[in-house]
Amino acid sequence: MTKICQLSLAVGARVHGVDLATDMSESTWSEIRNAFQQHSVLVFPGQNITVEQQKRFAERFGTLIVHDHLLPMTIEGHPECMVLHNNAQKPPGLNSWHTDNSGWLEPPLGTVLYAKITPRLGGDTLYSNMHAAYEALSPQIRDMLEGLKAVHDVKKAFGPDFANLQASLRKKGIDPNSHFGQFEPVEHPIVRTHPDTGKKSLYVSAPYITHIAGLSVLESRAILDLLYKHIETNEFVYRHRWHTGDLVVWDNRSVQHLAVADYHPQERLMHRMNIKGERPF
Numbered sequence: 004m005t006k007i008c009q010l011s012l013a014v015g016a017r018v019h020g021v022d023l024a025t026d027m028s029e030s031t032w033s034e035i036r037n038a039f040q041q042h043s044v045l046v047f048p049g050q051n052i053t054v055e056q057q058k059r060f061a062e063r064f065g066t067l068i069v070h071d072h073l074l075p076m077t078i079e080g081h082p083e084c085m086v087l088h089n090n091a092q093k094p095p096g097l098n099s100w101h102t103d104n105s106g107w108l109e110p111p112l113g114t115v116l117y118a119k120i121t122p123r124l125g126g127d128t129l130y131s132n133m134h135a136a137y138e139a140l141s142p143q144i145r146d147m148l149e150g151l152k153a154v155h156d157v158k159k160a161f162g163p164d165f166a167n168l169q170a171s172l173r174k175k176g177i178d179p180n181s182h183f184g185q186f187e188p189v190e191h192p193i194v195r196t197h198p199d200t201g202k203k204s205l206y207v208s209a210p211y212i213t214h215i216a217g218l219s220v221l222e223s224r225a226i227l228d229l230l231y232k233h234i235e236t237n238e239f240v241y242r243h244r245w246h247t248g249d250l251v252v253w254d255n256r257s258v259q260h261l262a263v264a265d266y267h268p269q270e271r272l273m274h275r276m277n278i279k280g281e282r283p284f
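Mapped onto the numbering used here, the consecutive letters of the sequence shown carry residue numbers 4 to 284.
Accuracy of the hints is not assured; some may be wrong.
Claimed, not checked - With a Cα cut of at most 27 Å, we get these calculated DSSO-like pairs of lysine-lysine: (1) K58 <-> K279; (2) K119 <-> K58; (3) K232 <-> K158; (4) K202 <-> K279; (5) K152 <-> K119; (6) K174 <-> K159; (7) K159 <-> K175; (8) K232 <-> K152.
Said to hold, decoys possible - Label pairs and their in silico Cβ distance ranges: (9) E138 <-> A170: 52 to 60 Å; (10) Q92 <-> G162: 43 to 51 Å; (11) L151 <-> V69: 18 to 26 Å; (12) L272 <-> R242: 31 to 39 Å; (13) A139 <-> H70: 41 to 49 Å; (14) R242 <-> A139: 15 to 23 Å; (15) L229 <-> P82: 37 to 45 Å; (16) R224 <-> T196: 19 to 27 Å; (17) P48 <-> E222: 41 to 49 Å; (18) I144 <-> A170: 24 to 32 Å; (19) T25 <-> V220: 50 to 58 Å; (20) L229 <-> R59: 38 to 46 Å; (21) E149 <-> T213: 16 to 24 Å; (22) V263 <-> D228: 18 to 26 Å.
It should be emphasised that the hints constitute simulated quantities derived from the structure, not laboratory data. A quick note: this is a predicted structure, and the numbers were derived from the prediction, not measured. Just so you know, even glycine gets a beta-carbon here, dropped at the ideal spot from N, CA and C.
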């Protein structure tokens, strides 16, 4: 029997009684889908699944994305599955709040991450509820943000500010400067509306954003710094301590996450899949 237990007052729920290695009934999927809309982050502990079984579950949420620049980091025959493998020779890269791939015109709906090897200590992932973050702003600030759009640029997220990411790509034969040079910046609303729930949330992904459209650099920085600090508020955050066999799926439209890079030189091995989303509105 499926049992869904809330993990924190902020965001997240743990799902018991579901074996993702087996076929899922429509009634079970309905419970999971409803829980996903309600809690935004779902944890399925103690899973023992193959890449195919992870893919089958992820495809329940939508079409999986194949990222050209990540192909050298995927499993052979499974271009949708990125291998996140860190150890003594490969320290973790990104260590900041973000939502996945916001620099694309249609960012991912969600992310499905499966823990194959976890460090003895460290390597947690933090999730912040962007619905709660929006609601906690004063009416005056919410009114000011309505209609504003932030400029997201892939080149910034894979630029010199993120040297570890650049190094990882270069080791796989991809030059970030030439590969991402073709990408044009995109504009996304700072306050976006969830297409399923209708709720409003903040959508500010710091690694990608260069400025706010129509504002000066000084004005943009003042507003963005305020929002970046705001989303870190403890009351919005759930901290997940990973265990081998955990599968976590989260909604990139309503949460931001931060993978804490505190476990080097221990080993951490994850399989990640992104679900195709829509253009934010």
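**Q.** Earlier hints that do not hold, by number
**A.** 5, 9, 10, 11, 12, 13 and 18
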